[in-house]
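K.L.:
Read off the chains here:
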Amino acid sequence: MQKKWVPTPVEIAKKPDYILSGHRLCAGCAAPVVVKLTLKALPNPENTVLVNATGCLEVATTIFPYTAWRRPWIHNAFENAAATASGVEAAFKALKKKGVWKDEEPTIVVFGGDGGTYDIGLQSLSGAIERGHKFIYVLYDNEAYMNTGIQRSGSTPFAAATTTSPAGKVLPGKPEWKKPIGFIVAAHMNAYVATVNPFYWQDFVVKVRKAFEYDGPSFIHAISTCDRGWRFEPVLAMRISKLATDTCLHPLWEFDPETREYHITGQSLYLAKNPDKIVPVEEYLKLQGRFRHLFKPVRRDDLINAIQNRVMKEWKYLLKLAGLES
Amino acid sequence: MREEIVEQEERLLNGDEAVAWAAYHVEPDVVAAYPITPQTIIVERFSEFVADGLVRTEFVSVESEHSAMSACVGAAAAGGRAFTATAANGLQLMNEILYIASSLRLPIVMAIANRAVSGPINIHCDHTDAMNVRDAGWVMLFCEDAQEVYDTIIQAFKIAENPKVLLPVMVNFDGFLISHTAQKVKVFKDPSVVREKFLGGPRKPVKIKLMGKEVELSLNPKNPVPVTFGPLDLYDYYYEHKMQQLVAIQNAYDVVKEVHEEYAKLSGRRYGNGVIVPYKLDDAEIAVVAMGSAPGTMRYVIDEMREEGIKIGLLRVRLFRPFPYKDIIEALRNVKVVGVFDRAQNQGMMGGPLFLETRAALYELESRPEVVNYIFGLGGRDAPPEMFREAFDELVGIYRGTISPFIRKYIGVRE
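Line by line, the protein sequences give chains A and B.
Residues 1 to 326 in the working numbering are what the first sequence lists, from first letter to last.
Residues 1 to 415 in the working numbering are what the second sequence lists, from first letter to last.
Bear in mind the hints are in silico, worked out from the structure with no lab data behind them.
Since the model is a prediction, treat every value here as computed from it, not as a measurement.
Hints may contain errors.
Stated by the list, open to error - If you want the footprint, here are the derived chain A segments under chain B, 3+ residues with CB under 8 Å:
# : segment
1 : 46 to 59
2 : 67 to 81
What the hints assert, rightly or not - Partner residues aside, some chain B positions facing chain A, computed with beta carbon under 10 Å:
#  : residue
3  : E27
4  : P28
5  : D29
6  : R56
7  : E58
8  : S64
9  : A68
10 : G74
11 : P221
12 : N223
13 : D233
14 : H241
For glycine and all other residues, C-beta sits at the position ideal for the given N, C-alpha and C.
Isolated chain B (complex conformation):
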């Protein structure tokens, strides 16, 4: 495939700033946001872009995250591009409106600097916030570093607005570990590459037929038949509407891949196939599965173990909703032991959310690997290479039959 990589420039950006730069380059019509650590730098930087007149975006400094998402719903229904960012408790406060945003089929994009949920109050990274809203009908992507954050925010608008999808998209990245860690990030030199070339100019709401007339699916007063958004929907239609939403989120799977590929042609950057990112899995007997920034540390440990002749590899899950179970089955078809690493609470559950779905996916295989779960890094607890090495050695032990398999373990925690 021919690639025409567009001119880019390197900037020193942390994850939050990478989001702000992506939002600057997209230039949404409305950004409605409320400050919360570790997301706040996003809205601070973006406010500067607004203050300097670099974007024509209306920045709405709402009085809560609930209102942030509510304003995004209004803005997107009006036909605009809407963006917000939050974390932890802010995301929990939005919960009610997350479901409404997806059911109204509004292509809102939201950045989440993943943070532990109170209580006790804690500002550091884990994925519990995102996991609590994993059934809200949003497309959910998890990034590994600031570069991927920049790239994924831009992709998210295109995924969300695809007529086959029309769903909100949540872009996750680890609070502090990514949000506050500066790295070299390549950004497009000319914002019009993003606004015009990639996104095709301003958002164009889809057309639908209403009472025999073609109307724009928006609150446009010029529609020949005005649209009623959010009516009362009872037992005679609710289920069908939920089925349409279900089809849409399944459609998102292909669209995430397509948009990832299209973007790669402009940027020269790829993240696996867009939904999963395998590392040294081809001949692996042992696999670890994880999301977020931990895979960076894990690759370092894997390289070390590979040098020792241990056939171990990594599967990073980039797309969490819709869950790419087919890719996971294919990627792990030949491994004998799988360790799934959840950076999220699992109160009263059999295991972490990533573990449960990965293990369920692998049930499809005739010869199933052992699948065990590690919970780690809650509330920003450090996740150093030695901790992963110990866990990976345990997986080797299970593979060799010297250690009995188990369901779940909590690592990096004092007794």
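Only chain A is shown next, with the shape it has when bound in the complex:
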């Protein structure tokens, strides 16, 4: 499955968009970029069926009577996008067996936010992966329940302030650490798993193409900036997105279920070889209002250092998994 494909910017730019402008997603939201890159990565995006969990992406793209989607698209509920995709996949399989559907079975692509993936939808995702349905599940991870007004999720990072984990006099934002969803999915041992960052678009599309080529379920974990929830000027979206990987907070890696190997990829592979180029997490944190209480009114070195140490611990763990550090 390691077919080498090196897409050029021109090649990607020339591919049509299947999510139209005019949707109501915020400037600074990376979700539509995630959608565009995902569908541009597919060799035959025309033969695609899209499934969307409840969330910002769903509500902002389909306010009746309008739709931003140029591919067949279904939204069922919040926690069941993977189960819905199972049904779509199974139906086309059966229709093919019966000769009713004569072409190649369509590619099923699922888009779900972190709430619908880490929390309420984890069971249906795990079930669908265990059953081995062929679909590409794309998590656009903006690290909180943004659609309902910025509540903490299992993905919200430590110390981030949300409306249900506010920075108060006693608690410094969310007291728990982010759930390692990619490893959890990889632990099923039958799914192609990859983390991606829309800033590093080439790494992104190559991984989606691998997911397409893999004969089984795949899971693409995209970090997805949210100007409203992370509290930044929309113009900073891609810069912050880039920093998520450059600080090793969202390293780029993939899990190959056939070899059971982890690979560190793209910019993260560069950082693995050039550790001096790793950017301190502070550079990422200080651009976002959700971490403002780490700097004002007093600088909380204890918390900043705790985050930095945790990130390096997880980065080392990943390096070991990828065989880059013993």
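Given chain A, put chain B in place with the hints provided.
P.N.:
Frame of chain A, contents of chain B only:
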């Protein structure tokens, strides 16, 4: 009317197996199900049909009933025939998606082996599970025995897929009493009678106009305009869409009757007019109303009382949603006393669900009968002839003026 009854064979099947045989004969594209007593035999038998290659169905062994219904939604939206089965807590777990399935106008068929809802946990029959989801926009049928279960599952696909309906259909039958009780069931010898002759081959999603182009109402990627299923629908359109759904479920009333009649011509079997099943009602002064398997016992008691010269009859409600209130009004127009028997909880309600709607329907009559409610058989509590006889005698007492009418009573329960 000329009937060409098709060749059938007798098999010894319990209610669950009858469902599995009906599903085998329909050969849905997707069956997504999760085990729960007393439904489990359905998916066990059906898995055997899959394992033996008798059907080309994709059997999706989901990890919960919520996912079962969710997968059915995906499969039906993709243009396939989708089927599932559950009971009790499983049905409650599905609740959220039941409403979505009906609002997306997806012709899913589901078998329910009716069972009491936890807590306390109990695996035996009552109708509380189905009654809890009676407003979910599904067509709901209640069967009396395994034969009717086989027949009704097959009919359900045709009802659901009718372009005037396009709604999911729930086929109910009593857990254990029917699901686990074997009887002689006639099934079609040749499955193609069901698949081709009755259902007309694979499901054909309806065509709609979208942006001036004709498209199939499905997730078919070949549609000239792709369909968006399940968009955000706010105050400016939601109500109109709910009205369309309301029209559809009312349309189901005629379609249930038509499909029942069409099926009867193939099978030779009828259940009243398809929506209600009257028994000895023509000259009755006293009527009892019930659903599920209890009417079988009730007929035995009625026969006994008829021999004693008591003019008592039975109305079995086969179609519960849409509620056939006009048939009920006509069937009970001349009776003086009605006893409605609910096998369901009525926590905090004036009476059981069947009672409330029957009594409301009869309000239309100028001279209204006395209508009283009996709650019975919760959690599988035995419902023997003697218990019904006692209640029926009470109805006779009300008719004769020796007993004062009441709203509701709980029978077969210790104080």
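K.L.:
It remains to establish, for every hint, whether it holds in the given structure.
P.N.:
Cross-check of the supplied hints:
Counting residues of the segment 46 to 59 of chain A whose CB lies closer than 8 Å to any CB of chain B gives 7, so the stated coverage by that chain holds, three being the minimum. Given a C-beta distance limit of less than 8 Å, the hint that chain B covers the segment 67 to 81 of chain A holds, as 12 residues qualify and 3 suffice. Proximity of E27 (chain B) to chain A holds as hinted, the smallest CB-CB distance being about 8 Å (cut-off 10 Å). The interface hint given for P28 (chain B) holds, since its Cβ lies 8 Å from the closest Cβ of chain A, which is under the 10 Å cut-off.
Look at D29 (chain B): its Cβ gets to within about 4 Å of chain A, closer than 10 Å, so that hint holds up. Interface restraint check for R56 (chain B): the shortest CB-CB distance to chain A comes to about 5 Å, inside 10 Å, so the restraint holds. For E58 (chain B), the suggested interface contact is upheld, since its CB lies about 4 Å from the closest CB of chain A, less than 10 Å. The criterion of a C-beta within 10 Å of any C-beta in chain A is met by S64 (chain B), whose closest approach is roughly 7 Å, and the hint holds.
Interface restraint check: A68 (chain B) against chain A, minimum CB-CB distance 8 Å, threshold 10 Å, status holds. A cut of 10 Å between beta carbons decides the hint on G74 (chain B): the least distance to chain A is about 3 Å, and the hint holds. With a cut of 10 Å, the hint placing P221 (chain B) at the interface with chain A holds, because the nearest CB-to-CB distance is about 5 Å. Given the 10 Å rule on beta carbons, the hint for N223 (chain B) holds: about 7 Å separates it from the nearest Cβ of chain A.
The beta carbon of D233 (chain B) comes within 5 Å of a beta carbon in chain A, closer than 10 Å, and the hint placing it at the interface holds. For H241 (chain B), the interface hint holds, since its Cβ comes within 10 Å of a Cβ in chain A; the closest pair sits about 8 Å apart.
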